[in-house]
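As they're listed, the protein sequences go chains A and B. Using our numbering, the letters of the first sequence correspond one by one to residues 1 to 193. Using our numbering, the letters of the second sequence correspond one by one to residues 194 to 709.
Careful, some of the hints might be misleading.
Negatives, chain A to chain B, calculated, CB over 12 angstroms [unchecked claim]: (1) Val48; (2) Gly79; (3) Gln141; (4) Arg150.
Only part of the chain B face toward chain A is listed, based on derived beta-carbon distances under 8 angstroms [unchecked claim]: (5) Pro220; (6) Gly221; (7) His245.
Calculated from the structure, these hints are not laboratory results. Even glycine gets a Cβ: it sits at the ideal position worked out from N, Cα and C.
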Amino acid sequence: MSARRASIAAAAAALVLGGCAGAPGPRGYLSTAPEVVHTARGGWVKVVRSSADATFGSQLVVEGELLAAGADTLHVLTGTGPLTVVRAPRDRVTLVGLHNRAGERALASLGLSILSLSNGWYSVITMPLNWLVGIVESHTQSRVGVLEIRDGPWDACRTHARFPQGMPPGLDPQRLTLHWYWPSAPRGFSTPR
Amino acid sequence: MRKKPIPGLSLLLAVLLVAEGCAPRIPGLERTSTTEAAAVRADDEDTWLKAHYRDGRVAIFDSWQVLQRTVEGDGVLLGADRDTLAVGPFVVPLDSFVLFETDRLTPGRSAPGLAVMTVVIGVVGFLCALNPKACFGSCPTFYAGGDGDEHLVAEGFSSSVTPTLEATDLDALWRVRPVDGVVVLQMKNEALETHAIRHADLLAVPRGPGERVLADGAGAFRAVSGLNPPAAGIAAEGDIAELLRAPDAKERTSLADSFDLATREVIDLRFDAPATGDLGLVVRSRQSLMSTYLFYHALSLLGAEAGSCLALLERGGMGGAQSLLQPSEALGFIEVQLPDGAGGWRTVGEVGETGPLALNVHLLPLPAGCDASRVRLRLTKGHWRLDWVALATLGEAREAVRLPPSAALRDGFDDPETLDTLRDPDHVLAALPGDAVSLVYELPPGDGDWELFLEARGWYLEWMRQEWLGSPDLAAASRLLGDPAGSLRRLAPAYKSVESGMEEIFWGSRYVRAAR
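This is chain A alone, in the form it adopts within the complex (with noise of 0.2 angstroms):
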């Protein structure tokens, strides 16, 4: 394999691996292991909703923070405020409990790919080999910490919810502000506290 076509083959790994390695929610936001344990925010939740008219397809109805959530309600605080969704048939909900760190394994695999270039001849095979594995092991690792739910009870977000026993009562959810790690929150959320 020559150097070029080597070359363009990673960079071609680089993409597909990290697109197969990107966990869903906004890495601002989100905190590994570690740093979960000792905050007790909720986690970044998703919600897409199916029209019944297929021409309108699928749109996100809600993202933000979990609040908390019951069989049917989420209570979510998004970058513009609070907002109480209620189950529809076919929503599509997503719950990111933590940054799972996929993209490490996709990075290591593309160091991999690049070590491969060593093997001369033989990189032919261990390099599509290494991206095989580098997809299958960043997406499984792109799915730890991540619910999903399709046209179901909403209970089990509780799990990853700021307040996992339920709105608290009497607390006026507008003084609930989101926290991020990064100075800079995306596009459409309000300026970190």
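Given chain A, put chain B in place with the hints provided.
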């Protein structure tokens, strides 16, 4: 009956276990929740307790003890908006809480697949560093075919390791198909070598329907027909005729002798009803890595003195540069023998070519009127890979049309300087590791069918590897070059210790299989 252990499977399991144990892990999280204080998990090093108040506050305990009416421990109290309200030891009545969560850090997945790939790539890389020729090719390599179907069709002048050993190499291009009268070959330097290429011309020989044209050892071309594979081929391991019946890259190999690398073996071939008339034996073969090993060993013995020693040999000292090839020459080519009529065998010629990469087709014309129903091949054990043997009826001699390249392309762009150099017999084209140039040849106009050959002339210089640059052992080097027979005996144990690994690299390569 007791089953035999399977070493390969055991090794794989061992690698997987080691990989599983050694691979870096990304910590995971295990969260459990309960409303019953009695069910709260006991404190341990990797566990944290989150006790939720009804009003949204939460107490996170690093260490705790659940008593009859209270929870005591060290931690932090967070408000509903998760701002810190208090830090320190707390004693909180149990009925203040509505829910208890315990977070436990788990070791997480270890990505054993990536760990195994690290081992595989590392091992292959290590073996390639030990034996670069097995992985990166050597001498100028010539490829045909486009993207996705590129295959090795020839390697040039493998034994020309110094300028004075400059030689011409002729390779049949059986797998090359012209497209619209044009042949394109990729010439590459894939090794740590400097190549000096005097020319790389295509020789096109006209052929008739159902006919092939082969080059005999003297450089002449003969039309051949009636290619007849052996009915039987008896070697030490049994009848190997099946492996030799077609040019299909299914090769017959053997292992070197443990005490003397020059030890020969014989293969007795039987041909049913050989045709009458002029006959020739066709052999398609390539070498193992034995001669490569010997050459590298010689360079490592010369060590840091390799440059000056090679210069001395170039000037004709110590027997001249040819002496560098003596260990390899002691291994010999493939002797072809016929019954001598007295119960023995007589050698009528030999076939073969230096080089472990591309398969070469050779034709040996047999003596007129001989009985070719029985042919014996005598060859060095572990030194050859035999792909195809056939008896052929020789036709008329043919003249080749010489076709220098009509264009040379680098990265798709015309490179007139390279083209002029290759077409000028007084100059050589220098190629460094990584160089690749596409050579375009235009066949003579007309509808005729052509047998194609590549004639490459030149020499190359092996680059010294870091691991060879130790203190020279000139006495051992002198023995190796001056007493090749004795050296082949002395080196047998060392070669045997690496032989299987070298072979495995080659045989494990799909690339090489596809290239043949």
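Checked hints:
1. Val48: holds, 25 angstroms
2. Gly79: Holds, since 15 angstroms exceeds 12 angstroms.
3. Gln141: Gln141 (chain A) is in fact no farther than 12 angstroms from some Cβ atom of chain B, at 7 angstroms.
4. Arg150: The claim stands: Arg150 (chain A) keeps its Cβ more than 12 angstroms from every Cβ of chain B (closest is about 22 angstroms).
5. Pro220: holds, 5 angstroms
6. Gly221: holds, 6 angstroms
7. His245: holds, 5 angstroms
Of the hints listed earlier, the one the structure fails to meet is number 3.
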